Structure formats: C-alpha cells, structure tokens
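In order, the protein sequence lines correspond to chains A and B. Its first residue numbered 0, the first sequence is counted upward by one per residue in numbering that gives the first Met the number 0. Its first residue numbered 0, the second sequence is counted upward by one per residue in numbering that gives the first Met the number 0.
Any given hint could be a false lead.
[Unchecked claim] To give an idea of the chain A side of the interface with chain B (calculated C-beta under 7 Å), a few residues: (1) A15; (2) L18; (3) I34; (4) V38; (5) V48; (6) A64; (7) T75; (8) L76; (9) F82; (10) E83.
[Unchecked claim] Covered stretches of chain A (in silico footprint by chain B; criterion: 3 or more residues with CB under 8 Å from a CB of chain B, positions within the stretch not fixed): (11) 5-12; (12) 53-63.
By construction, these hints were calculated from the structure, which means they are not laboratory data. The model shown is predicted, which means the values in this text are computed figures rather than measured ones. Where a beta carbon is used, it is the ideal one built from N, C-alpha and C, also for glycine.
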Amino acid sequence: MPSAFLLASALAILFAVLLSLYRVISGPTIIDRIIGANVIGTKTIAVIVLTGQLFGRVEFFIDVALLYALINFIGTLALARYFERKGVLAERKQATG
Amino acid sequence: MTSLGFGLIACGVFFFFTGAIGLIRFPDLYTRMHAAGKCDTLGGFLVLTGLACLGGLTLASLKIVMVALFVLITSPTATHAIARAAKRNDIAWWTRGDQR
Chain A
0 MPSAFLLASA LAILFAVLLS LYRVISGPTI IDRIIGANVI GTKTIAVIVL
50 TGQLFGRVEF FIDVALLYAL INFIGTLALA RYFERKGVLA ERKQATG
Chain B
0 MTSLGFGLIA CGVFFFFTGA IGLIRFPDLY TRMHAAGKCD TLGGFLVLTG
50 LACLGGLTLA SLKIVMVALF VLITSPTATH AIARAAKRND IAWWTRGDQR
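Modelling step: build the complete structure from the supplied sequences, incorporating the hints.
Next up, the structure:
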C-alpha cells in the first residue's frame with residue numbers, strides 16, 4: 000500500500016508536469032516559457048525525492064534533488080536577469096518577425 | 000507519523016495540480032504567475048515535508064527538510080525576478096473583454 004501510494008502520487012505529479020509543458024511549448028511570450036520551466040523544475044524535485052523513497056534509497060536521491068533545486072533557482076534567476084534588460088524581447092520580436 | 004506523511008503528500012499533489020491547471024487556464028502572464036508561484040511553492044514544501052515524515056528521524060529526512068526550506072525561500076524569489084523582468088519589458092495585462 001505505501002509504495003502504491005507513492006507511485007500514484009509520482010505519476011500524478013508527472014501528469015501535472017505534462018500540463019505545465021503545454022505552457023512551455025505554446026507560451027505567447029518568453030516569460031511564459033520561463034515560468035513553465037520553473038514550475039516543471041520544482042515538480043521534478045518532488046518527483047526525485049519520491050523516487051528515492053520508492054526505491055528505499057532516499058539518502059542518495061536527496062543529494063540529486065538538492066543539486067536540482069540549486070540549478071533550477073540559478074537558471075531561472077539568470078534567465079530573468081537576462082530578459083530584464085529593456086528591449087531584449089522587442090529585439091527578438093523584430094528578428095523573428 | 001506515516002498517515003501524517005501521506006496526508007501531506009496528498010495535499011501537495013493537490014496543490015501541484017491546481018497550479019498546473021491555473022498555469023494553462025489563466026488569460027495573461029501575471030495571473031499565470033500568480034497561480035504558478037504560490038501553488039508550486041506550497042506543493043513542493045508539502046510533498047517534501049510529507050516525505051520527511053515518512054522517513055522518520057534520520058539524516059536523510061533532515062536533508063529533505065533542508066531542501067523543503069530551500070524551495071520555500073527560492074521559489075518566491077525566482078517568481079519575483081520573473082515578474083520584474085515582465086514588468087520592465089512592458090508586457091500588457093489582460094482586462095475584461097480582451098481575447099483570451
């Protein structure tokens with residue numbers, strides 16, 4: 000029963016990731032895509048730790064999850080700071096038409 | 000302790016789902032950010048805390064709690080940075096009557 004519950008919740012979170020992926024693919028602006036990627040990253044942390052609990056090896060998987068949290072945060076901050084410069088999005092819009 | 004962990008994980012999955020539905024249903028960027036930022040922060044925190052409850056009092060669960068606190072701090076920060084980027088780029092918001 001416990002492992003079935005964990006598996007079900009991991010699959011449910013993966014389905015939510017699929018829903019968020021829609022926003023990453025079809026987001027009207029770049030900022031929408033960044034939000035979608037950030038959301039997927041947070042969900043992935045939860046899925047990694049759930050997988051560790053399923054396999055009974057949390058102590059290994061938790062380090063991976065910690066690293067993933069760090070990379071997700073820094074990557075999102077870097078993208079946000081880059082697109083914060085005024086005009087980057089307008090230049091892109093002109094370039095792509 | 001085990002049932003508490005299961006309850007917390009179920010609540011976290013519910014919040015993840017709500018956030019994902021809001022992310023695809025809301026009309027403009029700022030409302031999507033409203034759904035995604037808060038639901039994701041709380042969902043991640045609840046799922047990780049529930050898993051720490053399942054594991055009992057070990058070093059691994061202490062690390063899980065640390066990751067949960069990290070998510071609790073960094074997720075709003077990232078959302079705030081993204082919101083500022085959107086504001087500086089003058090992205091228009093949705094008003095009633097606009098095309099969805």
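These are the hints, each one checked on the structure:
At its closest, the beta carbon of A15(A) sits 4 Å from a beta carbon of chain B; the interface hint therefore holds under the 7 Å criterion. With its C-beta approaching chain B no nearer than about 4 Å, L18(A) sits inside the 7 Å limit, and its interface hint holds. The restraint placing I34(A) at the interface with chain B holds, with a minimum CB-CB distance near 5 Å, inside the 7 Å limit. With 7 Å as the threshold, the beta carbon of V38(A) comes within range of chain B, its nearest partner Cβ sitting at about 5 Å, so the hint holds.
With a least beta-carbon distance of about 5 Å to chain B, the hint placing V48(A) at the interface is held under the 7 Å criterion. Proximity of A64(A) to chain B holds as hinted, the smallest CB-CB distance being about 6 Å (cut-off 7 Å). A hinted interface residue such as T75(A) counts as satisfied when its beta carbon comes closer than 7 Å to some beta carbon of chain B; here the least separation is about 4 Å, so the hint holds. With a cut of 7 Å, the hint placing L76(A) at the interface with chain B holds, because the nearest CB-to-CB distance is about 6 Å.
At a threshold of 7 Å, the smallest CB-CB gap from F82(A) to chain B is about 5 Å, leaving the interface hint in force. For the restraint placing E83(A) at the interface with chain B, the shortest Cβ-Cβ distance is roughly 4 Å, inside the 7 Å limit, so the hint holds. Coverage of the region 5-12 of chain A by chain B holds [criterion: at least 3 residues with CB-CB distance below 8 Å; count 4]. As drawn, the region 53-63 of chain A meets chain B at 4 residues by the rule of a beta-carbon pair under 8 Å; at three or more, the given contact holds.
The structure shown violates none of the earlier numbered hints.
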